[in-house]
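> Okay, here's what each chain looks like letter by letter:
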Amino acid sequence: MSNGLEVVVNRDQASKMAAVNLLYRVGSKHESPERTGFAHLFEHLMFRGTERVPDFDAPVQAACGENNAYTTADYTNFYITLPRENIATALYLEADRMTGLDISPEALTAEKSVVVEEFNQRYLNQPYGDQWMLLRGEAYQKSHYRWATIGLSPDHIRAASLDEVRAFYDRFYQPSNAILSLSADIPEDEMVAMAEEWFGDISSTPAPLFVPEAEPVQSAPRRLEVERAVPADQITIALRMEHRNSRCHYLCDLLTDLMAGGESARFYQRLVKEQQIFSSTNAYITGEVDGGLFIAIGQLNPGVTIEEAEAAVWRELLLFATEPVGEKELEKVRNKFEANILFGELNVMNKAMNLSYYAMLGDMDLLNGEVAIYNSITPEEIMDFAQKFFRRDQSTTLVIRSKQ
Amino acid sequence: MRKEDIKELPKVVLPDTIDITLAERHTAGNGVPVYALDCSKQEVLRFSFVFHAGTSWQKHPFCAAATANLLSAGSPSHSAHELAEALDFYGSWYDVSVDRDAAVISFCTLLKFLPQTLALAEEILLTPTFPEEEVEIYRTKRRQRLIVERSKPDFCVRELFARRLFGSEHPYGRGYAAEVYDGLTREQIVEFYQSNYTSEGTFVVASGNVGSEALSALLRIADGLPAPSVKPTRTIPSPQSEGSMHKHFEGTVQTSVRIGRLLFPRGHEDFIGMQVVATLLGGYFGSRLIQNLREEHGYTYGAYCGVVNFDEAGYLAISTEVGGEVAEDAVRQIMWEVERLRTEPVSDEELAIVKKIIFGEMMRILDGPFGIADVTIENIQNGVTNEYTARMVQEVKAITPERVLALAQRYLAPEDLITVTLGE
Numbered sequence: 585m586s587n588g589l590e591v592v593v594n595r596d597q598a599s600k601m602a603a604v605n606l607l608y609r610v611g612s613k614h615e616s617p618e619r620t621g622f623a624h625l626f627e628h629l630m631f632r633g634t635e636r637v638p639d640f641d642a643p644v645q646a647a648c649g650e651n652n653a654y655t656t657a658d659y660t661n662f663y664i665t666l667p668r669e670n671i672a673t674a675l676y677l678e679a680d681r682m683t684g685l686d687i688s689p690e691a692l693t694a695e696k697s698v699v700v701e702e703f704n705q706r707y708l709n710q711p712y713g714d715q716w717m718l719l720r721g722e723a724y725q726k727s728h729y730r731w732a733t734i735g736l737s738p739d740h741i742r743a744a745s746l747d748e749v750r751a752f753y754d755r756f757y758q759p760s761n762a763i764l765s766l767s768a769d770i771p772e773d774e775m776v777a778m779a780e781e782w783f784g785d786i787s788s789t790p791a792p793l794f795v796p797e798a799e800p801v802q803s804a805p806r807r808l809e810v811e812r813a814v815p816a817d818q819i820t821i822a823l824r825m826e827h828r829n830s831r832c833h834y835l836c837d838l839l840t841d842l843m844a845g846g847e848s849a850r851f852y853q854r855l856v857k858e859q860q861i862f863s864s865t866n867a868y869i870t871g872e873v874d875g876g877l878f879i880a881i882g883q884l885n886p887g888v889t890i891e892e893a894e895a896a897v898w899r900e901l902l903l904f905a906t907e908p909v910g911e912k913e914l915e916k917v918r919n920k921f922e923a924n925i926l927f928g929e930l931n932v933m934n935k936a937m938n939l940s941y942y943a944m945l946g947d948m949d950l951l952n953g954e955v956a957i958y959n960s961i962t963p964e965e966i967m968d969f970a971q972k973f974f975r976r977d978q979s980t981t982l983v984i985r986s987k988q
Numbered sequence: 119m120r121k122e123d124i125k126e127l128p129k130v131v132l133p134d135t136i137d138i139t140l141a142e143r144h145t146a147g148n149g150v151p152v153y154a155l156d157c158s159k160q161e162v163l164r165f166s167f168v169f170h171a172g173t174s175w176q177k178h179p180f181c182a183a184a185t186a187n188l189l190s191a192g193s194p195s196h197s198a199h200e201l202a203e204a205l206d207f208y209g210s211w212y213d214v215s216v217d218r219d220a221a222v223i224s225f226c227t228l229l230k231f232l233p234q235t236l237a238l239a240e241e242i243l244l245t246p247t248f249p250e251e252e253v254e255i256y257r258t259k260r261r262q263r264l265i266v267e268r269s270k271p272d273f274c275v276r277e278l279f280a281r282r283l284f285g286s287e288h289p290y291g292r293g294y295a296a297e298v299y300d301g302l303t304r305e306q307i308v309e310f311y312q313s314n315y316t317s318e319g320t321f322v323v324a325s326g327n328v329g330s331e332a333l334s335a336l337l338r339i340a341d342g343l344p345a346p347s348v349k350p351t352r353t354i355p356s357p358q359s360e361g362s363m364h365k366h367f368e369g370t371v372q373t374s375v376r377i378g379r380l381l382f383p384r385g386h387e388d389f390i391g392m393q394v395v396a397t398l399l400g401g402y403f404g405s406r407l408i409q410n411l412r413e414e415h416g417y418t419y420g421a422y423c424g425v426v427n428f429d430e431a432g433y434l435a436i437s438t439e440v441g442g443e444v445a446e447d448a449v450r451q452i453m454w455e456v457e458r459l460r461t462e463p464v465s466d467e468e469l470a471i472v473k474k475i476i477f478g479e480m481m482r483i484l485d486g487p488f489g490i491a492d493v494t495i496e497n498i499q500n501g502v503t504n505e506y507t508a509r510m511v512q513e514v515k516a517i518t519p520e521r522v523l524a525l526a527q528r529y530l531a532p533e534d535l536i537t538v539t540l541g542e
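First to last, the sequence lines map onto chains A and B.
Under our numbering, the first residue of the first sequence carries the number 585, and numbering increases by one thereafter.
Under our numbering, the first residue of the second sequence carries the number 119, and numbering increases by one thereafter.
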């Protein structure tokens, strides 16, 4: 639209529901190192009402709707599902809180303590709860990915002031910094006209361009060992990846599936069942836009040493560099990608979220094009990539020892 | 800035009825019903086998979950690895869930791999061999996992609450030490399979793009379930609640709070009414508990209230995790909110919102073949057809503030509530 809002629509004839998704290009990476956790705190504040709509949830509920939001390192995402007939309610509410947010000092105080309790519940009151904070702090040095979206400490959240809240809102919650996506059984041109009707008159100040802090080149392995009151030792090995749209992303994603995508995958079959080194293992990618982490993680069986466990994981990683993956094994993970994509499309909300997400990545063709990318990856390419990527001097290892 | 003429919220349209696909009932030769929900044009199909094989049926600790989870651990022609390999290869989503009453074994597949997935399902469901070495691996893995789970406050409080509600010896409340896994044997598992994975009490639900090929294959697999040589039995005694308690849990920054009481089993006439009461109290964002504990006091990130039903009993539970130093006041606030339900009639406006929450939730669940399957399974377990779900809307609509008050007075007397807290 002329004010810079990107609008993406999809007609879904299989659903009676409408999904409205609004993505703002602001996440924890946009925060100042002194106010980490701010983007997430702000996401909570977006539900604290405007002059026109003092309680955001009430009208959503009155329209038989449901809404929620989440914050990542790269973006903040708000979504509403409701019966198709009521889609205008969702558009009204999102347009309204894009301009009219009204945060009182009392609301800020109450929300800060909610977020501090979320910090406690998710990160401190759980065994291994602080592992992601520890790992990020070690794997990244300059990048703002070095802290988790919840922030570095509850103190940063407690210190947030009303002036900072307003400045953040003015800076990032602009149409030009947002992507609106709609999925419903409504003709596309009608949906576009609706977006124009509700958002067209909002003026925009362009948000400043974000330039990520470049990570210095890593030249030696990094390692952090801590002791915690946890039931079993745990080891995590992380490697920094390239940009989300790079080939590296797809190769890493596919590798983690070969390693841990289901019971037949290598980690479970060899490290859990055959060698019985771990009671549970996993491998996945975190997926941040400017380069996330490739992660291999496992909880050790009693009696197994950290050294044995670490050696076993590296053996598996380096095997990719020396032996080509079999065609059948590769076909298996390709089938899995295809199935997951199709199962995911049964849900109207997923579709709307994907529309916004791929628009944010700047390449809508990826939405339907990723299966082809996975299918184009050959055993040779995996081997080449593994030789370059699985290097100890590029790795970060986090060991959490059980304090018994 | 915004147009000045746009000030009013758009008018809202309310659904009058909820559409749900009615299940088409077919019967296998041995009497096992197969319900077909042909409700999607997309190239996917989910089918679930539901057995009377939940934890309350087991004669030996951990046996019900072990049997369900080890169904895919080997057949006469394939090893556990080969079965896992095949399921993953065809992109099938295979899921095993075991609750107190039932074991639900579900497969979800792309239509292009339907024949292969059906063949796998047949092998897994009808000819499991439960190899000794797989049982051993399972024991070790699960014992370790249980130890890990028991280090988590939320897991412990859930176990503790069930024990205090139903009694330590009751099949719905009982828990076992991790070492008890050592006593789990292959013989127990085989015996449980033979008695509880039979034609007795079993049903099948297929949902999605259900064609005649899938239907006849499922009828054939279902027909392969033998009649039990001895009809499985279980004894569910009356629960013996053990009352409120606090448990010290080292190293927590929050206190977990569970408050609730025993209620009624599936199919009770007050079920829908109590759903409304529970939703009002803590079933949505904006509920009274959220308003009080989260929005006003900032004590917690979340607070919930829900009603759970089993075949032979049920309960209502309120749950939240709060800062340790405010736990006492949080319990007081919850009790105050319960008392308010019992003394003040809910306003028409608030009740209207709660009803819309329930409708909206139902519409969302029913938006897609997997959700429709879940609702259908629950309806069959409750002895009703999917017409019940459509009727439910009318019943919810008819509930008045007086009814809510009467239900709260009847079921939420403070002396009937058990409070369990866990933390430092």
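Don't take each hint at face value.
Here are the computed distance ranges between Cβ atoms for each label pair [said to hold, decoys possible]:
(1) A:912 / B:273: 47 to 57 Å
(2) A:987 / B:145: 37 to 47 Å
(3) A:787 / B:502: 34 to 44 Å
If the Cβ cut is set under 7 Å, some of the chain A residues that face chain B in the computed set are [what the hints assert, rightly or not]:
(4) 698
(5) 704
(6) 714
Quick caveat, the hints were computed from the structure, so don't treat them as lab data.
We put the CB at the ideal spot given by N, CA and C, even for glycine.
> Each hint: holds or not?
Checked hints:
no.: 1; hint: A:912 / B:273: 47 to 57 Å; verdict: violated, 39 Å
no.: 2; hint: A:987 / B:145: 37 to 47 Å; verdict: violated, 59 Å
no.: 3; hint: A:787 / B:502: 34 to 44 Å; verdict: violated, 55 Å
no.: 4; hint: 698; verdict: holds, 5 Å
no.: 5; hint: 704; verdict: holds, 5 Å
no.: 6; hint: 714; verdict: violated, 11 Å
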